[in-house]
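**Q** Each chain is listed here by its residues.
2 protein chains.
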Amino acid sequence: MRLVDACRLDPVDRTPVWFMRQAGRYLPEYRAIRERYTLIEICALPEVTLEVTLQPVRRYDLDAAIIFADILLPLIPMGAGLTFAKGEGPVIANGVDSAGDVERLRPVTVEQSLAPTLEALRLVRAELAPDIALIGFAGAPFTLASYLIEGGSSRRFLRTKRFMYNEPAAFHALMEKLATVTADYVASQVAAGADVIQLFDSWVGWLGPDDYREFVLPHMPGIFAAVREAGAPSIHFGVDTGGLLGLMREAGGDVIGLDWRTSLAAGWAAIGHDRGVQGNLDPGVLFAPHDEIARRTRAILDQAAGRPGHIFNLGHGLTPETPIDSLRVVVDTVRSNGTSR
Amino acid sequence: MRLVDACRLDPVDRTPVWFMRQAGRYLPEYRAIRERYTLIEICALPEVTLEVTLQPVRRYDLDAAIIFADILLPLIPMGAGLTFAKGEGPVIANGVDSAGDVERLRPVTVEQSLAPTLEALRLVRAELAPDIALIGFAGAPFTLASYLIEGGSSRRFLRTKRFMYNEPAAFHALMEKLATVTADYVASQVAAGADVIQLFDSWVGWLGPDDYREFVLPHMPGIFAAVREAGAPSIHFGVDTGGLLGLMREAGGDVIGLDWRTSLAAGWAAIGHDRGVQGNLDPGVLFAPHDEIARRTRAILDQAAGRPGHIFNLGHGLTPETPIDSLRVVVDTVRSNGTSR
Numbered sequence: 003m004r005l006v007d008a009c010r011l012d013p014v015d016r017t018p019v020w021f022m023r024q025a026g027r028y029l030p031e032y033r034a035i036r037e038r039y040t041l042i043e044i045c046a047l048p049e050v051t052l053e054v055t056l057q058p059v060r061r062y063d064l065d066a067a068i069i070f071a072d073i074l075l076p077l078i079p080m081g082a083g084l085t086f087a088k089g090e091g092p093v094i095a096n097g098v099d100s101a102g103d104v105e106r107l108r109p110v111t112v113e114q115s116l117a118p119t120l121e122a123l124r125l126v127r128a129e130l131a132p133d134i135a136l137i138g139f140a141g142a143p144f145t146l147a148s149y150l151i152e153g154g155s156s157r158r159f160l161r162t163k164r165f166m167y168n169e170p171a172a173f174h175a176l177m178e179k180l181a182t183v184t185a186d187y188v189a190s191q192v193a194a195g196a197d198v199i200q201l202f203d204s205w206v207g208w209l210g211p212d213d214y215r216e217f218v219l220p221h222m223p224g225i226f227a228a229v230r231e232a233g234a235p236s237i238h239f240g241v242d243t244g245g246l247l248g249l250m251r252e253a254g255g256d257v258i259g260l261d262w263r264t265s266l267a268a269g270w271a272a273i274g275h276d277r278g279v280q281g282n283l284d285p286g287v288l289f290a291p292h293d294e295i296a297r298r299t300r301a302i303l304d305q306a307a308g309r310p311g312h313i314f315n316l317g318h319g320l321t322p323e324t325p326i327d328s329l330r331v332v333v334d335t336v337r338s339n340g341t342s343r
Numbered sequence: 003m004r005l006v007d008a009c010r011l012d013p014v015d016r017t018p019v020w021f022m023r024q025a026g027r028y029l030p031e032y033r034a035i036r037e038r039y040t041l042i043e044i045c046a047l048p049e050v051t052l053e054v055t056l057q058p059v060r061r062y063d064l065d066a067a068i069i070f071a072d073i074l075l076p077l078i079p080m081g082a083g084l085t086f087a088k089g090e091g092p093v094i095a096n097g098v099d100s101a102g103d104v105e106r107l108r109p110v111t112v113e114q115s116l117a118p119t120l121e122a123l124r125l126v127r128a129e130l131a132p133d134i135a136l137i138g139f140a141g142a143p144f145t146l147a148s149y150l151i152e153g154g155s156s157r158r159f160l161r162t163k164r165f166m167y168n169e170p171a172a173f174h175a176l177m178e179k180l181a182t183v184t185a186d187y188v189a190s191q192v193a194a195g196a197d198v199i200q201l202f203d204s205w206v207g208w209l210g211p212d213d214y215r216e217f218v219l220p221h222m223p224g225i226f227a228a229v230r231e232a233g234a235p236s237i238h239f240g241v242d243t244g245g246l247l248g249l250m251r252e253a254g255g256d257v258i259g260l261d262w263r264t265s266l267a268a269g270w271a272a273i274g275h276d277r278g279v280q281g282n283l284d285p286g287v288l289f290a291p292h293d294e295i296a297r298r299t300r301a302i303l304d305q306a307a308g309r310p311g312h313i314f315n316l317g318h319g320l321t322p323e324t325p326i327d328s329l330r331v332v333v334d335t336v337r338s339n340g341t342s343r
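Line order of the protein sequences matches chains A and B.
Using our numbering, the first residue of the first sequence is number 3, and each one after it goes up by one.
Using our numbering, the first residue of the second sequence is number 3, and each one after it goes up by one.
Next up, chain A with everything else stripped away, as it sits in the complex (with noise of 0.2 Å):
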């Protein structure tokens, strides 16, 4: 598979292109299906996963799916209390705000506990075409570890920074718990068939570096040697991360990927070429004209030419705004990109 060879740094006859959050809400056929679930219930129905995990795939020449979860998935089961509020995001009832609070966050059994995912990634696999990778993915501890204790989404991290600080030991003890159910899961997924794993540590890049060093470099490795251990290659992407990067090779990911506000030459010598790199167009050139787009593809592509393991993708989460015929011209220049050298 062209994504797995690359995560491996092997040669492949061109670029392999995916997007981050490519199923979703700028699809009208995924808003079809919103109408008539909720996202848990996506999540809660392999069905109803399988079919949305397939869309992209089937309107775009993708070189990988993404199974459809969210990243906050595995708090239910730890008791989190988890919803999401209707235009609001998620919603945590039982947060942490307290070592009490980190104790009683219950042990989870992957396999019982996230069943429909990974049935969903057996559908999906099944499914899809041979030579297309199968994404399997899980948020990291600390970005977990945020939602948990900011009761949801967070503008500026500051209740998870005050916890931190003044509550180090509750604190490491929350991001082991987390990162021993985050490599159970990644684990898991690669036995229901996951070809990669991307851990997605969104909120890191909201630490500087000393912070990163303490309180999240101890807790990855083991996350990265459970996918490595279960035989599939792993992505490791944060945003706002450009003076993180040597941190986060140090704490593993065959590939790093990158946002936007780096230039992909300038992140990759950041991590070394002995890595893989991913991304790293701004999710905000789809709204430029055709040919802007595609000068913009071209121009992170000759930035990444003659070295192996580039993967194409966004520097972040596609928008519901994003108008679909510009990933057309993506995937498009990738490809032709690929053949003509």
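For chains that are exact copies, the list does not tell them apart, and a pair is met inside one copy or across any two.
Using 25 Å as the maximum straight-line C-alpha spacing, the simulated SDA-like pairs for lysine to any residue come out as follows:
no.: 1; residue 1: K88; residue 2: S155
no.: 2; residue 1: K88; residue 2: S156
no.: 3; residue 1: K88; residue 2: F159
Hints listed in this document are in silico derivations from the structure and should not be mistaken for laboratory results.
Based on the hints, put chain B in the right spot on chain A.
**A** Here is chain B on its own, set in the frame of chain A:
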């Protein structure tokens, strides 16, 4: 003045220190004023601006006062229809959505339209101890343009990027108009008594390097030249700019402000040691225990030790929830650090 000397990379007896948003809601004496006046009213009344500007300088041993104002004030005489909705931030009634909208923006006679802020600068400079610097400031063109195009605050700046990519000539015309007003404004602030100018490009870190080079860089040097010709040094600040530091240096500023996402040492190296650097304590650290605040403050001072040109500050503005005693710990640590070496 210690702050001015540091801006010019001249030796100082100890590192100067001030805080972004040091006049603001975290101070009970500021909240008392805000019970009687709106934000716009404070800015329209030089005597009230004077009071609010001096509040933090009375409470802490700071090396600078920063004039109390809002970066969006120049948009009012341009005809933007700016109001501040209660608890919702700025709202712009006459936003920019076309080349025609850009044309309709009015030129500004700064001495008239921004007279209250200029008068307040004169009052503050007359009251302030002669060794304490008075900082004037303005929003940079991209940040101002983003408010005009988005109609207020934004989470992803998609409207701004869509306009930029689809109407590049109109976008450049908008930037040029804003740069002209900004250059006049900062020069007038120096004439009115500002010893240093800080240019806030608060949201420019949402652009990748290619966009910065094409859409922002051409409009910046004129502003910094205006400050220099008026006789003051300048500080150039943005957040999420780790991947833009070399370009920001090129754009101008005697000192470049760093957020906390990049280590001070790495950021300064990227900028070049022939420029000064300001920063970069995570405002979240102000929620830590006092000994941890002191330790983190010293860690930043250590990264700058032995080099002229460091101004101690946070990596972003103070938040309203900040415990007021935390700032005293930072100030005391910076002051004692200077005298102990």
